[in-house]
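**Student:** Starting from two chains that each stand alone, build the complex the way the hints lay out.
So the protein sequences, as listed, match chains A and B. Numbering follows the working numbering, with no gaps: position 86 of the first sequence is 86. Numbering follows the working numbering, with no gaps: position 52 of the second sequence is 1052.
Bear in mind the hints are in silico, worked out from the structure with no lab data behind them. Keep in mind it's a predicted model, so treat the numbers as computed, not measured. Among the hints, a few may not be true.
Distance condition first, Cα-Cα at most 16 Å in a straight line; then the derived EDC-like pairs of lysine to aspartate or glutamate [what the hints assert, rightly or not]: (1) A/K181 / A/D50; (2) A/K67 / B/D1014; (3) A/K204 / A/E231; (4) A/K256 / A/D212; (5) B/K1114 / A/E205; (6) A/K256 / A/E217; (7) A/K181 / A/E47; (8) B/K1062 / B/E1044; (9) A/K204 / B/E1111.
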Amino acid sequence: MARIIGGIGTTHVPAIGGAIAKHLENTPYWKPFFDGFNAVHRWLNRERPDVVVVFYNDHGLNFFLDKLPTFAVGAAQEYRHADEGWGLPVSAPYPGDPELSWHIINTLVAAEFDVTMCQEMTVDHAFTIPLSLLWPGAARPVRTIPIAINTVQHPLPSPARCFRLGQVVGAALESYLTNEKIVVLGTGGLSHQLDGTRAGFINKEFDLMCLDKLVNEPEALTCYSPLDIVEQAGSQGVELLNWIAMRGALTGRVSKLHSNYHIPISNTASAVLLLQNEAGAATYRKAG
Amino acid sequence: MQHHRDIPGTPVFDGEFAQRGYALNRMCFSFNDAANRAAFLRDEDAYCDKYGLTPQQRAAVKNRNVLDMIAAGGNVYYLAKLAGIFGLNVQDIGAQQTGMSVEAFKEKLQEAGK
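Looking at chain B on its own, in the form it has when it is part of the complex (with noise of 0.2 Å):
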């Protein structure tokens, strides 16, 4: 049986990624907790030491850039409570990784329904 499969462009969070990126995760579950979310944006080093970042993963997210975030393991529904903090939604996350401009990715949505 096929366990993996490339489908160009498209991350699949196996158990490859959720072991690489379980540390990025974790610390993006705290964020469920308002007060969890304050102290990350109080002292942000503190709080990805406490959670155990790899330098791979602490660098993508000092970088804000989702696709490193993505390389790292992080899976895209705990990275978006990250991406919340900062008041990016999913369309400006969208937009980063397909390096258009978010009205170009809203545009790019809105021609898929014609």
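Next comes chain A alone, as it looks inside the complex (with noise of 0.2 Å):
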């Protein structure tokens, strides 16, 4: 059976983006940022994971308004990157996994998560960034499956929806006939806000409380509502959804190993998070 060894919550503000593609890795606006993630290259290095499922947000690249569903589920080949408009360097393809992509999404239909499914799909920063500063430099030895979660357009999913559509994920994952390690990241956050008088807005509080609960307590996290979110986290900082999902998806016993949390990294309070999860001590097990 394939087995889920961890899960990994990153920012991926397209700053850092920049940052990488200029080497400021090491400058003192930087360095605390990207030394945060010393950790999660060691435990990478020593587990070796072969394919990577990322819960993230598409920011106006592969949907538009026109068409933007709650919860899609990348099923191609290869899933490229493109021009976001805003002067990111454009990374190279990066690839997929399409047969078990189809066993997610047939998982998440028996379980009434009526999912969109893309055989196209490019991927933007949000999926990009966080796989640059997890495998730094150009070698990515994993396959990847990205699974969109609208964080832009409301109504959004609640955080009980996206922790349970997370639990789907994960129970699919570990009924996979293969030998497969598996790491499932959720990507962006933590509190912040782009837009109104009130941009510039981060609430350390809150988001220390999130890291905290994530760990151990994630249910605590689904009693809000999206709009509490937004109010306590900022318009942004609804990324959140993205962690949660990630979050249900660790179906066994969970610790933490590491994390890191530093404001501010452009408008964000930045945060990475490493769980580890040992299968077989099920506390989500069951699917319905």
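**Tutor:** Quick look at the structure:
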């Protein structure tokens, strides 16, 4: 059986892509952020996962507001990055795993998550930057499966629904008949707001509470509504939904291996969280 | 169930805004393509005509006023593509919306970490 060995939450601010392109990792502004990934690199080098499932949100690259799915699962041979309009360098394509994608899709729809299925899908910075952070340099020895959650146009799916989505994806991965080692990512956040007269809003207390609850009490976060999160974490802080889905997919015994929280990166309270998942110690095994 | 909430200073991009802002956001979506960014810079009025911007949206774009663009239904992720054409980043537009200098806005962000 495939095994989910862990989950990682990470910020995906576009400016990080610019900093990597300009080799600014060791400058005073960026070092406290990039150093937060050293422990994650050591863990990935040791564990060598085969597949990464990425919960993220598209910001107007693949999806426009004409047809905007709440949940969309990639089922392509490869995923291309493209010009997003604000000057980020374009990354090389990312290999997919269509067979596993369809297994996830079949499991989700059987569990009444009627997702959008994408045989072609471009991926934006919310997908590419986390992969660049986790595997610096061009070589990324993993196959990828993007799962996009709408965090752009309200009504957004609730934290409880995103957690449940993650649980079903976790059940799908663990029922997959291979020996793959899988890591699940949730990208974006934490608190930030780009728009309105409250632009620049950051809520350290709320973020630290979320980082704590994500480890052992994720249900505590499912009590919020999307608008509660907008209020507490800022209008773009709702990307927390991606982290909640990631955590839902960790179906075994979960422990925290590492975290880093640093303010600010661009307009954002940045964070990385590395969770280990010991399969077989199921807490959320049931799909129904 | 409550679908709306007033959160001070915080736009919630819902169905009402999505309808109002459709033309503006559609134009901004086109800026994923470098040729379209160049076409906008060559003839801004003609480009806004092509996408059928409302008078309110046209005025907001002409004035480079982000709060007005948001009031006209602009979504900040799409507006950021327009801002990028002028070389403005999210600190620049944050400063503009809060009436602060860019330096003061950055200072405010630093303070949030203390």
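**Student:** Each hint: holds or not?
**Tutor:** These are the hints, each one checked on the structure:
For the given pair, A/K181 sits about 5 Å from A/D50 by alpha-carbon distance, which is consistent with the 16 Å threshold. The suggested pairing of A/K67 with B/D1014 holds, with an alpha-carbon distance near 14 Å, which does not exceed 16 Å. Pair hint A/K204 plus A/E231 holds up; C-alpha atoms about 13 Å apart against a cutoff of 16 Å. Restraint check for A/K256 and A/D212: the C-alpha separation of about 9 Å stays at or below 16 Å, so the hint holds.
Distance hint between B/K1114 and A/E205 is fulfilled; the C-alpha atoms sit about 11 Å from each other, no more than 16 Å. Proposed proximity of A/K256 and A/E217 is supported: the alpha carbons are some 12 Å apart, at most 16 Å. Between A/K181 and A/E47 the alpha-carbon distance is near 8 Å, which keeps this suggested pair within the 16 Å criterion. Among the hinted pairs, B/K1062 with B/E1044 is consistent with the structure: their alpha-carbon atoms are about 9 Å apart, no more than 16 Å.
For the proposed pair A/K204 and B/E1111, the alpha carbon gap of about 11 Å is at most 16 Å, so the pair holds.
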